[in-house]
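Chemist: Using the sequences plus the hints, can you model the full thing?
Protein sequence lines, in the order shown, are assigned to chains U and C. Residues in the first sequence are numbered from 1 upward in steps of one, following the numbering used here. Residues in the second sequence are numbered from 191 upward in steps of one, following the numbering used here.
Simulated from the structure, these hints should not be mistaken for lab results. There could be a bad hint or two in this list.
Chain U side only, calculated, beta carbon under 10 Å to chain C, not exhaustive [unchecked claim]:
(1) Leu36
(2) Tyr53
(3) Gly117
(4) Ser124
(5) Ala127
(6) Val148
(7) Asp153
(8) Pro158
(9) Arg162
(10) Leu178
Quick caveat, the model's predicted, so the values are computed rather than measured. Ideal placement from N, C-alpha and C gives every residue a C-beta, glycine not left out.
There are 2 protein chains.
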Amino acid sequence: MSRKPMARPGGRSARVQASVHAAVREIEAEAGRAALTVPAVAARAGVTPSTIYRRWGDLQELLSDVAVERLRPEEPPADRGSLDADLTSWARQFLDEMASGPGRAYVRDALLGDPDGSNAGRCSAYAADQIEAVLARAAERGETAPTVEAVLDHVVAPMMYRILFRPEPLPATYADRLVRAVLTAPPADG
Amino acid sequence: MSRKPMARPGGRSARVQASVHAAVREIEAEAGRAALTVPAVAARAGVTPSTIYRRWGDLQELLSDVAVERLRPEEPPADRGSLDADLTSWARQFLDEMASGPGRAYVRDALLGDPDGSNAGRCSAYAADQIEAVLARAAERGETAPTVEAVLDHVVAPMMYRILFRPEPLPATYADRLVRAVLTAPPADG
Numbered sequence: 001m002s003r004k005p006m007a008r009p010g011g012r013s014a015r016v017q018a019s020v021h022a023a024v025r026e027i028e029a030e031a032g033r034a035a036l037t038v039p040a041v042a043a044r045a046g047v048t049p050s051t052i053y054r055r056w057g058d059l060q061e062l063l064s065d066v067a068v069e070r071l072r073p074e075e076p077p078a079d080r081g082s083l084d085a086d087l088t089s090w091a092r093q094f095l096d097e098m099a100s101g102p103g104r105a106y107v108r109d110a111l112l113g114d115p116d117g118s119n120a121g122r123c124s125a126y127a128a129d130q131i132e133a134v135l136a137r138a139a140e141r142g143e144t145a146p147t148v149e150a151v152l153d154h155v156v157a158p159m160m161y162r163i164l165f166r167p168e169p170l171p172a173t174y175a176d177r178l179v180r181a182v183l184t185a186p187p188a189d190g
Numbered sequence: 191m192s193r194k195p196m197a198r199p200g201g202r203s204a205r206v207q208a209s210v211h212a213a214v215r216e217i218e219a220e221a222g223r224a225a226l227t228v229p230a231v232a233a234r235a236g237v238t239p240s241t242i243y244r245r246w247g248d249l250q251e252l253l254s255d256v257a258v259e260r261l262r263p264e265e266p267p268a269d270r271g272s273l274d275a276d277l278t279s280w281a282r283q284f285l286d287e288m289a290s291g292p293g294r295a296y297v298r299d300a301l302l303g304d305p306d307g308s309n310a311g312r313c314s315a316y317a318a319d320q321i322e323a324v325l326a327r328a329a330e331r332g333e334t335a336p337t338v339e340a341v342l343d344h345v346v347a348p349m350m351y352r353i354l355f356r357p358e359p360l361p362a363t364y365a366d367r368l369v370r371a372v373l374t375a376p377p378a379d380g
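Modeler: Listed below in structure tokens is the structure:
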């Protein structure tokens with residue numbers, strides 16, 4: 001499928017994206033997921049269906065794009081005074097959000113309508129940015145810190161793997177345990 | 191959606207499953223994915239479309255079921271004489287299969303048509319069984335071994351996370367590195 005590359009924010013393109021995304025969120029909130037069709041989204045957003053097909057390819061790709069936006073963190077990770085506290089707090093919040101009903105649905109949507117893997121890549125980049133902020137603060141404090149990649153591999157990956165592949169519920173202490181392990185025995189993978 | 195629970199193997203139910211799975215594989219191989227429809231699969235398998243809808247719900251759920259079957263390991267992990275060698279060899283093969291084009295497609299299918307998470311759970315159980323076999327052999331040899339859960343968290347999860355969420359290709363040495371880390375600094379999460 002040959003689609004236009006995602007336009008940069010600003011101007012008409014950004015307005016179209018904002019109104020289409022808002023239309024998806026509104027229709028879903030009001031009438032549920034089954035009511036989401038390209039014509040319905042287009043009508044609500046005030047654009048033609050062909051604008052949506054041209055830009056997003058199909059409904060599944062549009063839902064993937066909207067899901068990734070919803071997974072974008074709204075603020076930098078809280079500063080709790082130490083690497084241990086910052087990373088634990090961030091990991092708990094991440095687990096809480098991703099393992100929730102809506103979180104699971106967004107992750108699923110993000111992966112589903114994503115033929116080239118770029119939306120999934122954006123999800124991972126959001127997590128990496130947040131971790132980087134936590135580790136940069138640790139470095140300023142003079143604390144020894146693992147690499148971003150080690151935190152992705154040994155804190156983020158296990159949480160996402162269990163959310164996607166293992167049906168059992170996860171206690172918040174699972175996040176704590178992963179953080180403790182990566183801080184006390186940092187794997188040699190920098 | 192209320193579907194019948196998956197019947198136990200044996201008898202008519204097993205024959206239906208085998209012929210429907212075979213029909214999916216054949217149509218996909220001959221005519222590509224776009225040719226897969228419930229009526230086409232039913233005709234090839236010699237069943238009615240309603241048999242498929244009743245048992246699998248819809249095409250996506252059928253494809254998920256077929257994908258999980260394809261991800262089922264065909265043999266126990268090779269015995270290479272030591273835990274390190276066995277686990278490294280298994281992890282390399284797992285990475286190679288899952289990161290391949292077909293592997294990625296099966297994982298995606300398995301996750302997508304899987305409203306209750308049971309198919310994804312089967313994928314993870316296959317990996318856990320293989321790891322368990324490797325660790326049991328290590329125990330028989332008197333080797334110190336990590337837990338199955340630690341290997342899932344720190345070897346399987348990072349590989350699957352990167353396959354799903356990070357577009358970059360993964361070298362085989364990535365698997366080696368994860369195994370070395372879990373064997374030399376086993377995380378305190380047994």
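Chemist: Do the numbers back the hint for U:Arg162, that is, is its least Cβ distance to chain C under 10 Å?
Modeler: holds (8 Å)
Chemist: Checking hints one by one. Is U:Ser124 an interface residue toward chain C, by the C-beta closer than 10 Å rule?
Modeler: At about 4 Å, which falls below the 10 Å cut-off, the nearest Cβ of chain C leaves the hint on U:Ser124 intact, so it holds.
Chemist: Does the nearest C-beta of chain C fall within a distance shorter than 10 Å of the C-beta of U:Leu36?
Modeler: With Cβ-Cβ at 16 Å, over 10 Å, it is violated.
Chemist: Does U:Tyr53 pass the interface hint, meaning its C-beta sits closer than 10 Å to a C-beta of chain C?
Modeler: Violated: closest Cβ of chain C sits about 17 Å from U:Tyr53, beyond 10 Å.
Chemist: Going by Cβ atoms only, is U:Leu178 closer than 10 Å to chain C?
Modeler: Cβ of U:Leu178 sits 7 Å from chain C, so the hint holds.
Chemist: Interface hint check: U:Ala127, Cβ to nearest Cβ on chain C, cutoff 10 Å. Holds or violated?
Modeler: holds (8 Å)
Chemist: Is the hint on U:Pro158 kept, meaning its closest Cβ partner in chain C is under 10 Å away?
Modeler: This hint holds: U:Pro158 lies near chain C, its Cβ roughly 4 Å from the closest one there, short of 10 Å.
Chemist: For the restraint on U:Val148, tell me whether the closest CB of chain C is nearer than 10 Å.
Modeler: violated (12 Å)
Chemist: Hint check: is the beta carbon of U:Asp153 less than 10 Å from a beta carbon of chain C?
Modeler: holds (4 Å)
Chemist: Was the hint right that U:Gly117 lines chain C, CB cutoff 10 Å?
Modeler: Hint on U:Gly117: holds, closest Cβ of chain C at ~5 Å, below 10 Å.
Hint compliance for this structure: hints 1, 2, 6 are not met, and every other hint is.
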